Amino acid sequence: CGSNQNSSTSTKKLKAGNFDVAYQNPDKAIKGGNLKIAYQSDSPMKAEWLAPLSDDATFGSMSSPGGGQDGLFFTNSSFKYINGGPANVSLYKDAKTATITLRKDLKWSDGSEVTAKDYEFSYDLTANPAYGSDRWTDSLANIVGLSDYHAGKAKTISGITFPDGENGKVIKVQFKEMTPGMNQTGNGYFLETVAPYQYLKDVAPKDLASSPKSTTKPLVTGPFKPENVVAGESIKYVPNPYYWGEKPKLNSITYEIVSTAKSVAALSAHKYDYINDMRASQYKQVKDVKGYKVLGQQELYISLMYYNLGHYDVKKSISVQDRKTPLQDQNVREALGYARNVAAVQAKFSNGLATPANGLIPPIFKEFTSPSVKGYEKQDLDKANKLLDEDGWKLNKSTGYREKDGKELSLVYAARVGDANSETIAQNYIQQWKKIGVKVSLYHGKLMEFNSWVDHMTTPPGSDDWDITDGAWSLSGEPSQQDLFSAAAPYNFGHFNDPEITKDLNDIDSTKAEDSTYRKAAFIKYQEDMNKKAYVVPTAYAINYTPVNKRVVGMTLDYGAMNTWSEIGVSSDKMATK
Amino acid sequence: MWKVIIRRILLMIPQLFILSILVFFFAKLMPGDPFSGLIGPHTDPHEVEALRRAAGLYDPWWEQYLRWLGNAIHGNLGMSYNLKEPVMTVIGHRAINTFWMSLLSVILTYLFAIPMSIVAARNEGKWQDQLWLTYNSITFGIPPYVFYLLIIFIFGYSLNWFPTGGTVSPDAMGIIPVFFSKIYHMILPAFSLAVFGTVGIFTYFRSGILDEQTQDYVRTARAKGVKEKVIFRRHILRNASLPIASNFGFVITGLLGGAIFAETIFGYPGLGQLFITSISGRDYSMITALILLNGFLGLLGALLSDIIMAMVDPRIRIQ
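First to last, the protein sequences are chains A and B.
Following the numbering used here, the numbering of the first sequence begins with 601 at its first residue and continues without gaps.
Following the numbering used here, the numbering of the second sequence begins with 12 at its first residue and continues without gaps.
One chain only, chain A, in its complex shape (with noise of 0.2 Å):
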């Protein structure tokens, strides 16, 4: 079976860390052959197969090879759209629409053609409050008359539209507003996903998230269909005969559930090809089993440090940056971000699986930011102790901590629960903070439980008890962060509002960044400026990785593969154990 001479050949050399993002299997593939896919949780999986129904990350990833859940677009490893998929999209900046064509030869798993209203069904699936969706979102609200749709005001959607019919292939979406963003997958403006109309149309909406259709007996657009799904545990997949594109050249393909605590040993027993969602703490037992090789990714994901400066006026919908704290001045808030040392935090707990951050675009997006960017990422003591004597804040030497005008500079930390690191790890930095004479102690004395973290942070106005919280976000396609930073970011924790950084996000958005290389500058700008401002510090990127059995021939994580299921296959019937 496989050996570890891989990539020599290979054309595609991508690294994610010290990863390869691919795996060069020098064996061929067979003819057949069952794939055993696990997916790690403590938890059942939820089978719903229309997206605007779904919230479990577990069966995002569960559904892929049926299509996941019916996604229509191809994207390259930027995340843009490309042709060639189960539809194009094509953008029209001056009429402010989008048009969708879907193939001719799109179909569902049952023969069936997929239409502009299967479609158009998605956005009733999600905006029409009866199917009890919580997928909307404002950004939805830019297409004409859904948010009418959406309060009951209106019975059609009367910003989608068919050119050739309801039966027809071609969708017409009118916008009230276009944006650089729109050509970006997940960029939430317009959904990228279908639901088979014609046989889900009998069913009540309120018992369709569990009707069979859409749990154990869906249709689905992708190069396998289900067989069978044992709710809560596993699916087997057989090729779907009615698949548009290259023929997989598997016979089928198991994907299970498995609980955290046996995943090791079923790597071990070499029980699954390769299973997703491994945690970064297992990676250690992980990367020396037998027959595996390990490949990585950049993750979607940023971590970084809110400072609490202000709070959320509910009624205007704006952060106002009005809180009394030290904080308020900038050298304060980068003596913080300096004192921190990310790198050897990293070093130590991470496994090679998150690295410093310099911005607040992770290096995935590699069209919109670059290394260059001056972040935090190294400690720097001195500089933070300089801009602390700048700014007036002098050592009290019989206490260890600055004072300025008699008040000593004293931080409350609301570090939150996390993995066992978590509260080595933040007590790491209250100790690090002492170096610069900064005394910084844990919210109420030990770190915030998560549900507790989320109802404080995010039940606006905010709250003064706080002054320094950790927090990370899974990202989306597109990288713009108005959501997580502008003025009326309800999500923007420390309240934030300064006029530049604003205007920056703005451009990022403007018409202007249709052109790439402006916006790729304006990315860059907009980090350098947050990273000058403070307000958050970026703490770090974080690097996902897959063990993969070396009898599998074809695997890839490149976000911008899109026919792996028809492409991976294996090389013998048995798992490689060496």
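One should not assume that every hint holds.
[What the hints assert, rightly or not] Which residues of chain A face chain B? A few of them, derived with a C-beta cut under 10 Å, are:
1. 729
2. 736
3. 809
4. 832
5. 858
6. 1047
7. 1049
Rather than coming from a laboratory, the hints here were simulated on the basis of the structure.
For clarity, every value in this text was computed on a predicted model and none was experimentally measured.
Glycine included, each C-beta is placed from N, C-alpha and C at the ideal position.
Place chain B on chain A using the hints.
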């Protein structure tokens, strides 16, 4: 006796009522709610607010409670926030899994524990006794999940004899293959529960036998020349079974209690696993229903135990 049983059943109503108030109140005290986990950069907080409002989470807790009670009386325990299915439907599906696995484990537990206790008691102080005492001390003293992992590792991964998770293979289709696949999937968790769950029965039964062996009626029987085997089978064993019988009502209702550790580790979607995921997801409607179900089973178990005792022990009458 019937009067008493009916009275006891009627008494359950206020007991469950008080339990439901407590559960409802304490569930609301937990930080977060079913929608806390929904936020993402693109989530509209107004939408989350609207979902919370629609679910009535901003009403005073007693108002929410009365609404829930009104529905519950009509047999509607609400929708699961996280699974978007009626609570009763979800519990129904999971209960079937839990019931069959528990039944198998109970049968196996008795099959292991009873002979074990008899052998130990008959050989009091000898190596057989020491062996089973030690065995039960170990299985009682070490957290069961350690053993479950060990069993999975040995029988699932090393020897490859049994599946290690789930209730049925995705390859099984058709009634008969599914039936056998379900049994096959049940064996390992049920066996683990049984092998490491003998201590209760063993302790009661062994000491019951030892106690009865020294009773006057046994001495009398011996003096009358009754054969030792007959004394043991007819007299000692029957009387020593009483403590076990007194617990049997709980065993029956416990079939639906759900084994939290075993179900989570084996990835066996039953009521125990549902309980844990509901708590971590703040699925209020599900938590309330499950705790009430367990409360009801507890009360029913006590009643059944009393009835069983009255049936097997002529000295006891329910009054």
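A quick look at each hint next to the structure:
1. The beta carbon of residue 729/A is positioned within 10 Å of a beta carbon in chain B (closest approach about 8 Å), and the interface hint is therefore held.
2. A least Cβ separation of about 5 Å between residue 736/A and chain B falls short of the 10 Å threshold, and the interface hint therefore holds.
3. Interface hint at residue 809/A: satisfied, since its Cβ lies 4 Å from the closest Cβ of chain B, which is below the 10 Å cut-off.
4. Hint status for residue 832/A relative to chain B: holds, with the closest Cβ pair at about 4 Å, below 10 Å.
5. Evaluation of the residue 858/A hint against chain B yields a held restraint, the C-beta minimum of about 6 Å falling below 10 Å.
6. Given the 10 Å rule on beta carbons, the hint for residue 1047/A is violated: about 13 Å separates it from the nearest Cβ of chain B.
7. The restraint placing residue 1049/A at the interface with chain B holds, with a minimum CB-CB distance near 6 Å, inside the 10 Å limit.
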